[in-house]
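Protein chains: 8
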Amino acid sequence: MNRDKIAEILGAFKDGRLGLEAAIEEFRDFPTKSLGYATLDTHRELRVGFPEVVYCAGKSPGQVKGILAELMAGGRDVLATRAGEEHFAAARSLSPDFAIDPVSRTIVLRRSPPPGPEAPYAAVVSAGTSDAAVAEEAAVTIEAFGFRCERVADVGVAGIHRLFERLDLIRGARAVVAVAGMEGALASVLGGLVEVPVIAAPTSVGYGASFGGLAALLAMLNSCASNVSVVNIDNGFGAGYIAAVSLRNLTQR
Amino acid sequence: MNRDKIAEILGAFKDGRLGLEAAIEEFRDFPTKSLGYATLDTHRELRVGFPEVVYCAGKSPGQVKGILAELMAGGRDVLATRAGEEHFAAARSLSPDFAIDPVSRTIVLRRSPPPGPEAPYAAVVSAGTSDAAVAEEAAVTIEAFGFRCERVADVGVAGIHRLFERLDLIRGARAVVAVAGMEGALASVLGGLVEVPVIAAPTSVGYGASFGGLAALLAMLNSCASNVSVVNIDNGFGAGYIAAVSLRNLTQR
Amino acid sequence: MNRDKIAEILGAFKDGRLGLEAAIEEFRDFPTKSLGYATLDTHRELRVGFPEVVYCAGKSPGQVKGILAELMAGGRDVLATRAGEEHFAAARSLSPDFAIDPVSRTIVLRRSPPPGPEAPYAAVVSAGTSDAAVAEEAAVTIEAFGFRCERVADVGVAGIHRLFERLDLIRGARAVVAVAGMEGALASVLGGLVEVPVIAAPTSVGYGASFGGLAALLAMLNSCASNVSVVNIDNGFGAGYIAAVSLRNLTQR
Amino acid sequence: MNRDKIAEILGAFKDGRLGLEAAIEEFRDFPTKSLGYATLDTHRELRVGFPEVVYCAGKSPGQVKGILAELMAGGRDVLATRAGEEHFAAARSLSPDFAIDPVSRTIVLRRSPPPGPEAPYAAVVSAGTSDAAVAEEAAVTIEAFGFRCERVADVGVAGIHRLFERLDLIRGARAVVAVAGMEGALASVLGGLVEVPVIAAPTSVGYGASFGGLAALLAMLNSCASNVSVVNIDNGFGAGYIAAVSLRNLTQR
Amino acid sequence: MNRDKIAEILGAFKDGRLGLEAAIEEFRDFPTKSLGYATLDTHRELRVGFPEVVYCAGKSPGQVKGILAELMAGGRDVLATRAGEEHFAAARSLSPDFAIDPVSRTIVLRRSPPPGPEAPYAAVVSAGTSDAAVAEEAAVTIEAFGFRCERVADVGVAGIHRLFERLDLIRGARAVVAVAGMEGALASVLGGLVEVPVIAAPTSVGYGASFGGLAALLAMLNSCASNVSVVNIDNGFGAGYIAAVSLRNLTQR
Amino acid sequence: MNRDKIAEILGAFKDGRLGLEAAIEEFRDFPTKSLGYATLDTHRELRVGFPEVVYCAGKSPGQVKGILAELMAGGRDVLATRAGEEHFAAARSLSPDFAIDPVSRTIVLRRSPPPGPEAPYAAVVSAGTSDAAVAEEAAVTIEAFGFRCERVADVGVAGIHRLFERLDLIRGARAVVAVAGMEGALASVLGGLVEVPVIAAPTSVGYGASFGGLAALLAMLNSCASNVSVVNIDNGFGAGYIAAVSLRNLTQR
Amino acid sequence: MNRDKIAEILGAFKDGRLGLEAAIEEFRDFPTKSLGYATLDTHRELRVGFPEVVYCAGKSPGQVKGILAELMAGGRDVLATRAGEEHFAAARSLSPDFAIDPVSRTIVLRRSPPPGPEAPYAAVVSAGTSDAAVAEEAAVTIEAFGFRCERVADVGVAGIHRLFERLDLIRGARAVVAVAGMEGALASVLGGLVEVPVIAAPTSVGYGASFGGLAALLAMLNSCASNVSVVNIDNGFGAGYIAAVSLRNLTQR
Amino acid sequence: MNRDKIAEILGAFKDGRLGLEAAIEEFRDFPTKSLGYATLDTHRELRVGFPEVVYCAGKSPGQVKGILAELMAGGRDVLATRAGEEHFAAARSLSPDFAIDPVSRTIVLRRSPPPGPEAPYAAVVSAGTSDAAVAEEAAVTIEAFGFRCERVADVGVAGIHRLFERLDLIRGARAVVAVAGMEGALASVLGGLVEVPVIAAPTSVGYGASFGGLAALLAMLNSCASNVSVVNIDNGFGAGYIAAVSLRNLTQR
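Protein chains in written order, with this note's numbering: chain A, 1 to 253; chain B, 1 to 253; chain C, 1 to 253; chain D, 1 to 253; chain E, 1 to 253; chain F, 1 to 253; chain G, 1 to 253; chain H, 1 to 253.
Note that these hints are calculated values from the structure, not bench results. Remember, predicted model here, so these are calculated numbers, not experimental data. Ideal placement from N, C-alpha and C gives every residue a C-beta, glycine not left out. No false leads were slipped in.
Which residues of chain A face chain C? A partial, calculated answer using Cβ under 7 Å: (1) Ser130; (2) Gly208; (3) Ala209.
Based on the sequences and whatever the hints tell you, model everything.
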């Protein structure tokens, strides 16, 4: 592929279609250009049907509105995360088509049809009702990228029978996201019950010695189950993104 | 009780059996004396059938041998913790009656008969084989104090069916000690399954981000189960001691 | 017990009272069902006369009002913790029977008569006036669960004679909750003075190098008294809950 | 499946092939038995061609030798990690068939043929020569589980052209393991260059403010690339295991 | 002293001025009573001319007003710390005699004449203008306790000539309080320049890796000057109190 | 130099131009005076064309206005950092000549002409748009001190081709400031690509396990590139100041 | 004083007793010389009868021997701290006059007579037998500096009556050193019982969550007693040094 | 430059000197090749007269010997850091020309003549004798890279007059390395006294709350002097390398 690109430039130069200066220009900062090209290439490939992601925190409603408008105009799907009331209003003022979710703080615009009920899916499993924001951010992310997601909420380990009632659904998933704050034990229990990678998202739910999610983070990093890896505290988007990439991995190539 | 002591001194003084100076002497540092007396009193009461506890770490074999000999001579029961090979040798050289356990690093001398099979018991539940040292220290402590202990080992949450197989035994206990390193999730799972206090003993088992047991400690402090309290990292003796005191609490007064 | 349940299903199946599909259904997710059943069983047993606990933090006044109304209607006792002014108003608008306490931030509805003056009791001992919120949360919890609680406030170790003045009351308790911020030394001093388990609740009272209660937490975990175990920073409810479970333990079975 | 198992027992009971007691026995602790059965089932499925994993640290050479002998006798494949010289000697004394690797500290016995050169593969990419132990533990784990692994070593970001020279190989992988100590920047750079999940394994390589790998761990958790998740410090086995599970995920069902 | 008290009770009892019950009562909880008495004694001795200290943070203006009124009525001197605007208003509404200082956030009422210009003094030395609140809290405390205080402000080590210009004044002090945030180097430099104890008060002045004063605290604890001891972050009162106690120590007994 | 100063005073004294008292005065606290003199001397030298720096945080608008007015009147150049809206208003009310920048939160008054396009320059390279505040503080500082600065923004390592596109500009710099939050990997990548000192400024951009910039700080301290040194979190001014001092170093003496 | 020194030089210069060059030399680096002179002056004053202190850790036996020999030859008193067996041997080989103490790891040579029994004294109070090394380092330091020291050992707060038995001795001290590891509560209790400054020396005695003495350090910094200041973990020398300087302070000037 | 390289390839291709395949090959992985080339180019330029650096820690004596031999054979200068006795022996066995320094743990081979006495220099200033290892590593590094270095040792701030005695030498330097452990105050004091960048190297010298150099590191990061930047704990090589690069910067281009 790179090969072809180079041959093409060389040919154009030999043919005279490309002057010396132009050819040099073409190769000049080749390290970056070709790298950029390759990257864009793979990115293009990767992003067929994938939404653009907008991180709203720290952006003004006007900025977010501008970005959303541009992406809409370009026919792109959109996922905006960490949005507040003011960003929701900006989206609503643009179009009624944006799906707005105050729990996950997301704004989604998706044009492609959702996956069918038989599609492979990721399960987003969360410990308590307070973990809903992070869990939903993960779930909405997975769906915004065009994949199927099943939610299993409020199955924390202090009442472990609730988890077992949903076990078949969880075991059917091709990727599992485990969302928990406080002591974060859910990730380890899940890791021992499924055969697929578990992406653990610690949350800042808790107080005192939870130290803003540190307790859950450390617990998940020390999981006695070997199939657990961890993302940053409250990083529902990241966990969902990895689940989506894992699902795409299944069908690709 | 204190009342009687005071009356006795007062009487002796009035009777002339005690001179002014002697009586003053008796009361002089009464704060400490009477306090000491009261404390000793309750301690005596408390220690009927209770062993003396010797913390061997940092003591020379000669020192430990001397203490053991003195306690033996006084007819006392003994529990020595954090003992090393050299302390074991010292004990063996004194008497074959010492029960020596290299796993829990304890030396025990107990003269009273063990509790019967129907006695209320504490359960010491541990996550992995590497937690055995701490778990056994807890169990030996409970037994050295004259109470019944049931051990449930190697039931970490990554293979949670192992825990359920032993659930009846655990649920029959009047106090539960939960011993776990790494992510320490066992304490929360146990807390949700039993109706009695769970004393959680985090262990330093793990590496990297376990930070010497900190991960398990924080997890246990943040347990979503409300009946879990926590002792210091690797403090099997403390956990066992609290379990023993809890069992005594049941039968006393 | 489980045995009987199983025999009953088997019998009903053999008798034809239960069809194959129904019997299978009965056993199908037996792991969770039976587990749920057992759990519920013990929970039922446990909850005779026990309140439902509502954690208000993060819940809207409307949500709390709805839960309180439902529990009232069901004749249940109620303990709501971490309530704010707006939750108090919601409770007041429902019924004048709710006991509202702004210090402990609790809402209580209790129909059963309180324990008599001779009942065994827990002592909640606190170091300073700033620790009152956590201490009262513990005390109200113990009482909401139907047990007797004695409060000993403002006996921090910097004026240790205040503690000794209340020693008889403290020594009469069957469980002691020690509440302290700053250096948390109260737990160790108490641990050396009583024969029962001490449940230590560190508070976030302090500034600078108290690091939000970390100093008190670490001090309590390192207590030189062996009968001290620790709950999370500011977790008055947890400490009170463990004291209540310990008192119930005394009278049960 | 569970359904069939239950129907089978019910049928056997109705037929009289199974007496009441035996049937009850079959169901008695069904929660655990059936759970165990299910778990074993999936485990069996999962483990076709998968090695048993032995964690040598803390085990005596005799213990390791015993386990290895048993697994060999059972015809099982074996992966032993964190082995020392004494464990190597134990393995050698059993059979010359064990593949012993002092760099990764692993012992492997694999009977199945390796995957072909066209098989999908994981790439294990490491920053410096000092990271070799962790990187090789990951790579050997992937291969021991029957998958193809490509190694890209010594491509730390301080000389980033080395990384680009190997980019095609890395981009061809279906799962990428990023192994780095010190500032752990490799994970972020890799995350931006590939389309598949990156499993980041921080190492304890470094000194001073690396705090035993904490610096690399935090860096990886805060990666600005969204497809990076993290395992514990020095946990090469875990990273390799997740890569292997991800590769299996591709071909399964 | 204690002796006299005891003799007095004994005498009263022998004389019949005190009945048995009353005498017992007198001695009954002697540990605390006598302790309390002794403590009060020393405290009384200690507090001749010493103000009562009121910690305003967390107290309502009404509470503070009440306490101030009571102390005024009793003719006591007063020092109130960590006062806010609302506490100032409360004090002003009581009497114009309160000295109110918004920088140190103190309220002082002192009736005794200030010490003469020849009195031994403490020096309060501070690094930057942002440290003024803590430095003034220390200085006002020293003066409220009746001792002389000299202030040396804004002599941080980044412009060390400023410190040397004031060296004679500093070297004349009998106790030195060093107040500094950021890197807290002032304490070490001072420690090397004076012959008296240096009480170091780290402040939370700084940002980023100052971690709320932790950097200064650690620096001061690790001072290469041997005469430096440290109080809590922002604890100007404590530093001033120790300086005052040290000055009193000079003149006492 | 000092020598000449001393000779001059001695000469003036011998000549009678300086009386004994005046000469003594000159030498009296020579340690500080001469030190002060030297310092001032070098500072004067250093500050030819250098602005005074005003740190606005914690200063009232009135205080800032007063300082600005005084500096303006004295013909001084000015750099004010960490300014808020209210400080901007104060500056505007004084003169329209102040350059006000809400992104970097700086106020600048510079009378000297800017450096020409051929002047040696520092490059301020930043990872993400959220790092702009710190990066601009560094850039404005460099320019306020009279040096040329080139900005390279939004070249974080997750899309590393963006960095390579700007590499020539970066490589032409004589000092490089690397500004990044989250995992801070930019500093290491830059360190490997340039031959001059890289001053790394970690930012508090991030959340969760970024711990307010600690992750980036530790990463930068552990950089595998040897030419990276680090300033405090969010200390754009410090990084810019060091770059300016480095540029001055090139042309001096 | 400085004034006279300057006048003297000026006079000598005017008189011709001092040439220009010599006078310049005298003033040349006056900042340091005069500073040095002043410092030495106070130091000389300070060190009349004070020992030289040698920190042995990290020095070879040969180095220590050399230093000791030189000091002996100069007639100086000596205190050497953190000495090991090899340093003891070096001292012994020099002279039998060195007092060698393996507990405190000190070597002392003191020629002056000890203080009389009526001399004011410091009390070194320690919590447990494991704290003896630090406590003795403090006590030996105080005595090596020529002051009287009373030791009160093994009075930790878990058995607080032991402390009260020694209270009169402690209350008679003019400075109190509190030595404790684990939870460090002794400092707070002592602070509430005495009227003089308490210098708290946390020790690294403990395990697990004591984090090498951090728990005791934080507890002491957060003491609810206002007269407590703190030195570094295990810094017995520093605590003793401050006590000695405080005692000297009493008698000086 | 890159331009010429590209033109050359294009010309050779057009001329037929280079076939299509060869030209493609030349450009194929141009991103890395050209990048590598560029990097090497600058590196070559950079390394004229610069030594190769060998990090010995973790390398066997045999490995180090091999590397040294190869570099010698290639006529290269050499700097080896973190060498132990065994690496010294390896170097000695190769050639007597290696300069071996056990203090800094370095091995140096330098063929070029040292810089003259008038060359611009860096000053390496260190606080205590225990900091010598790090300070010398910095100094030897500077000299190994061909620059002049002046050492100022043992000038810690607790005896600040020692620092002033050497101030002229320090002020003459064009780059200053500040090496200090414990409270690390030296960096701030130096920063206030010089006009050039100060590179601060915290050391792990200290104990207790120095936490392995963390106290010094934080102090240096929070320096109130704006010209201080920081390297990792004990990173003498890094500090020296930056000083060397800064000196080269002065003379280059």
